[in-house]
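These protein sequence lines are chains A and X, in that order.
Residue numbering for the first sequence follows this note's numbering, beginning at 1 and increasing consecutively.
Residue numbering for the second sequence follows this note's numbering, beginning at 231 and increasing consecutively.
Note that these hints are calculated values from the structure, not bench results.
All values derive from a computational prediction rather than experimental measurement.
Ideal placement from N, C-alpha and C gives every residue a C-beta, glycine not left out.
Possibly wrong hints are sitting among the right ones.
[Unchecked claim] Residues from chain A that face chain X, not an exhaustive set, calculated with beta carbons under 10 angstroms: (1) Ser-83; (2) Arg-87; (3) Glu-191.
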Amino acid sequence: MPGGSADGGERLLELSDLSVGTDGRVLITDLDLCVREGEFVALLGPSGCGKTTLLRAVSGLIDPLEGAVLLRGEEAPGDHWPSFRRRVVLIQQTPVLLDQTVEENLRRPFDYVSAGEAGFPGDRAVSLLGVFGVDESRMSQNARSLSVGQQQRVCLVRALILQPDVLLLDEPTSALDPESVRSVEEVFVREARQRGMSALLVTHDRAQAERVCDRSVELDPYLTEEARFG
Amino acid sequence: MASPVQPMDLSWWQLAIAASLILISGAVSLALKLRMEKRLALASLRTIVQLGLVGYVLKWVFELDTLLALGPVFLLMIATATGAAIRRPERRYEGAARRAFFSLALTGLVITVTATRLIIGVDPWYAPSYFIPLLGMVLGNGMNGISLCLDHLLESFSLRRDMVEMELALGATSWESARGPVSSAVRRGMIPIINSMMVVGIVSLPGMMTGQILAGADPLRAVKYQIVIMFMIAAGTAMGSMLVAVLSYRALYNSRHQLVSDRIRSRKG
């Protein structure tokens, strides 16, 4: 497993009595979970158990039915959701990119008001793309013309250069071919840990959870179990 | 050089000749079993009745020449244009009619008053014989623009929700995430009028200009009026589309910068 446990870290992301649902259905109830500084936590569960809905609620794209999401002990205040989401970045299961060049896609979040003074770290973006096996010449290519696997690598780089506190990962390697999963996952986890990021990974792949995370929580409507790896 | 043709009234017989063209078309349809004769007859009947009624109402309003007489006509025109504008999009949301009404009323009023008061210099500015036809032209095109714009905007928010939410998830505000769909919806709303402006005078002569020339006006004078009209229509369509797009996007997000896409309902569903 790359990196290691973060038992002693500060409490970073806390889900307190969180219940989520969609289309009038309650999917997860009263979930309590704490992700500490530098810690990688997996949420395991079968398809349809509410993993994606949970991550959408944690990132504030939807409201939870009950409970609260705290970052460093505080809820996202009123109008500051964009700043909160920049610190808790969601990476979706399938790559979502604008119909623009790779560079424009990577640059886009640095044009938002929530970026403040932060400028686009072009050199870092190019170097990270290289680490993921995407050549620099792709920067000027339309992102949607890349293969799905390469598009997802661009999405991972886009998240990493934002330097968030927490990465919310919704089965981020499911769009990759089986041979690439291990290498992409290793590079991603190494880069994220080197930058001190934490992660909440939802997956149904127990083996991946063991490879990538410090511990896992089983999402089950009737039973929530915790396992610690290492 | 020939003197300009004098304005002339048409007799009922002359109208009957025009109607005979429709009768011939109906007869051909009947002979070839195209089954369009009933719809053609109904459409022709509606044209006679609707325009006849409008003619009488306009005659009455023009004679009254007061703001009080103009008010109900203005509201009726805006309400009718609103109904047509929101009926066509495949999706809708609660409050769309209110926002379309406001957009059409505001742009219709601003553009038409600018034309009557500042450009043409009509006194009073609300003189119904100027105000109503000019407003009609602004609304006729504005409602099409608003209709196309709303259709495209709601389609983007429904079918491309992942794109909007990707931007939100990376720290975009609601406006930053909606800017793409809003600008492409406004561009969509402007397509018909931009196309018309590109070919005006080359492919066809606009109705108002043709009407003025047939009524004996100097073509150059008719052209000047037509340019004013085209600019009024383009500005009205742009302003109406922008206003309805901005008002609609605000109605589809909440204060937590979330896209509440279930506020959008499909007409089929």
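Structure-based check of each hint:
A cut of 10 angstroms between beta carbons decides the hint on Ser-83 of chain A: the least distance to chain X is about 7 angstroms, and the hint holds. Hint status for Arg-87 of chain A relative to chain X: holds, with the closest Cβ pair at about 8 angstroms, below 10 angstroms. Taking 10 angstroms as the C-beta contact cut-off toward chain X, the hint placing Glu-191 of chain A at the interface is violated, the least distance being around 18 angstroms.
The structure shown violates just one earlier hint, number 3.
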